[in-house]
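Protein chains in written order, with the numbering used here: chain A, 1 to 402; chain B, 1 to 402.
Hint data in this document are derived by calculation from the structure and do not stem from the laboratory.
Mixed in with the good hints, there may be bad ones.
Treat identical chains as interchangeable: a pair holds within one or across any two.
[Claimed, not checked] As a list, the in silico SDA-like pairs of lysine to any residue whose alpha-carbon atoms are at most 25 Å apart:
| no. | residue 1 | residue 2 |
| --- | --- | --- |
| 1 | K269 | Q9 |
| 2 | K20 | H300 |
| 3 | K115 | P375 |
| 4 | K395 | C265 |
| 5 | K366 | D189 |
| 6 | K286 | D99 |
| 7 | K286 | S42 |
| 8 | K340 | A207 |
| 9 | K330 | S15 |
| 10 | K143 | R200 |
| 11 | K115 | L101 |
| 12 | K366 | A161 |
| 13 | K115 | H300 |
| 14 | K141 | D12 |
| 15 | K395 | E230 |
| 16 | K115 | A177 |
| 17 | K115 | L79 |
| 18 | K286 | G365 |
| 19 | K115 | N266 |
| 20 | K366 | W307 |
| 21 | K115 | L235 |
| 22 | K115 | D296 |
So the chains spell out like this:
Protein chains: 2
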Amino acid sequence: MAEKNRLQQWRDRISSELDKVMGFWTQYSEDKEYGGFFTCLSRDGAVYDDLKYIWLQGRQVWMYCRLYRKVPRFHREELLNSAVAGGEFLIAHARPSSDSLKCAFVVTRDGRAVKVQRTIFSECFYIMAMDELWRTTHEEKYKREARGMMDQIVHWVRVDASGLGRPELPGAEPVNAMAVPMMLLNLVDQLCEDDEEAARKYGELGAWSVEKILQHLQRNGQAVLENVTEDGKELPGCTGRHQNPGHAIEAGWFLLRRAFSNMDCNLGKIAVEKFVLLPFESGWDKEYGGLFSFQDVDGHCPTQLEWSMKLWWPHTEALIAFLLGYMETKDPRLLNNFQKVYDYTFTRFSDPEHGEWFGYLTQEGKVALSIKGGPFKGCFHVPRCLYMCEEILTKLIEEEEG
Amino acid sequence: MAEKNRLQQWRDRISSELDKVMGFWTQYSEDKEYGGFFTCLSRDGAVYDDLKYIWLQGRQVWMYCRLYRKVPRFHREELLNSAVAGGEFLIAHARPSSDSLKCAFVVTRDGRAVKVQRTIFSECFYIMAMDELWRTTHEEKYKREARGMMDQIVHWVRVDASGLGRPELPGAEPVNAMAVPMMLLNLVDQLCEDDEEAARKYGELGAWSVEKILQHLQRNGQAVLENVTEDGKELPGCTGRHQNPGHAIEAGWFLLRRAFSNMDCNLGKIAVEKFVLLPFESGWDKEYGGLFSFQDVDGHCPTQLEWSMKLWWPHTEALIAFLLGYMETKDPRLLNNFQKVYDYTFTRFSDPEHGEWFGYLTQEGKVALSIKGGPFKGCFHVPRCLYMCEEILTKLIEEEEG
């Protein structure tokens, strides 16, 4: 009974936070003139730059559609209209020109390409947006966009990367960077929802992605490293020793979802123990609380200036991972860790005055950047976390009620 | 007399600091096997990564030669030998392949290219190294290397940038980024030392660089902005509002040297008032001391995570700028500001235990990264500052002695 109260308190707070967060984005970020979203928003929602970052455009379309489709109180016409306008902006402008295979990283307000990254991530968020738009509107063109781009990125990752435009250099050994199989696994999860045909088509890619993620568990299972060789060996130097606790924990919940859908208990156990609990233990700042951004597995000082800063997204991913892990295992360690992250997060990141969360705190937990959105923070990690936690907590409360 | 004491105290401390700093680099950074330098050094000098960053290789060769050539107590055979080994490493390995026009950004310990930037900066530090090696050894091959690469970068900057490999994108307006004319002005200064022929050859380039730097003075002379249009207008958004106080101050002393050598009083005045005092006033943290890394001219929060961190190099550049400005103007504001930066710097950055300086402090002045060297910090800004300040203080003391 006490436990049920705790779950209910969390859910109530999280539900009202989700409403406030989405209220912030719908009020301040929509570009009614060109479609798509402003994401460079000050603490109070003012637009301080009108550039459009394609990762964030795709993510916001995804988030709007997902909430519209899954959460009855968000099944609102205006949310769908904004998502469609964002999707149409992407179709018209994400590619720098009509013959480009790649998407831009950032475009002007009216959609002219400013910068293209030599990676697959803009394309990945394009796919998430298109697939979710298709599921929401049932318009086939969105499915075609999603599937076509998916074929393209799988080609770049598994067949021939030359189309990404990276030069081949004699000292640049090919690297298995965990972000790549993570994104692919996340996309397989997205594309295969209630879709037998997709599950067949992408089944092997899902298994390959899991294998590539598991290669990052190194040092006799005692550390998750962000970069390993293509055949799963440790790399020399800073690149090889680099750790990103929040990213490992995010990979943990991606693996957990895979384990559930495949009923793979062993994978579920590895996900919880090695990708969630282990990086949380090493990555949590015992002095000031919060998750470090980066660490060096041998204890050297990382060279990234922000290594000790506390960023919003590792904390949202930890909240999801602990709750998802608890739902399956009922391991009390996971709920206690959820509590710890929840307390830190709602005290430090959430802005009671203007809504949404601060994104960047100092090691000591002071707000370092007052922006609510920027080149890398948009309408995604916070509402995705709140939506998923609300859903999981609702299930847990129902279970308690038996 | 009191003033002379102050100058002497500064000089004595600065001279002994220069000895300690150079002792750190000569003891820990030299790669006796392959030539060149390790720059990824922990607080105590331990090598935590053996990658070689070309900016830092070139800068260290320059620094060794300059001290060997100009400061009698550094006229030591082993310093010259290390510089030559570093120079030969650069000639053999800075270019990714024998037919490359560009230099790499970073290479492996044995010289295989890992990454190439689509900018001119690796090439600029290559030129500095080669020109200074020529002046030190009088070997013509170094001069040929310097001059050949100089022709190349001038071609990229002023005739045709396509060789840098940047894609042309419809939303990417050409930008006058202050770093480019600054580097060129600095190179003109380097190449023209006691060289009439070079002075004729590069005279117009020097004037052009000054003009391009002065375009960054915006808002009716009330702000130096890092990025402007090619014809000197303010750019929209964060890019346009971006300020880097340390960089503006460094540009200030580059302009001051130009003003001295051309006996251009008006330029000297602009350099001191607008590029040194103005950015110092706006960039100095009134609460905790130290220079902010980045600012937004309209007071928005910058999107760079380290905007409020205190980095070593803006402080070294401020020390040089104030002393150089004082030498010419005898304006007491400049000496008072020198004192302010000196006190902050020697208290916070200098490491009494292991030598050299910390590079990265939090806004509050706590050491955020304990490394002494890394991908962007090597044997350059600290010893260049100490060497220049020692030289200027010596002149000032001689003047006092009259």
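- [ ] Hint by hint, work out which the structure violates, then give me just those numbers in ascending order.
- [x] 1, 5, 6, 8, 12, 14, 15, 17, 19
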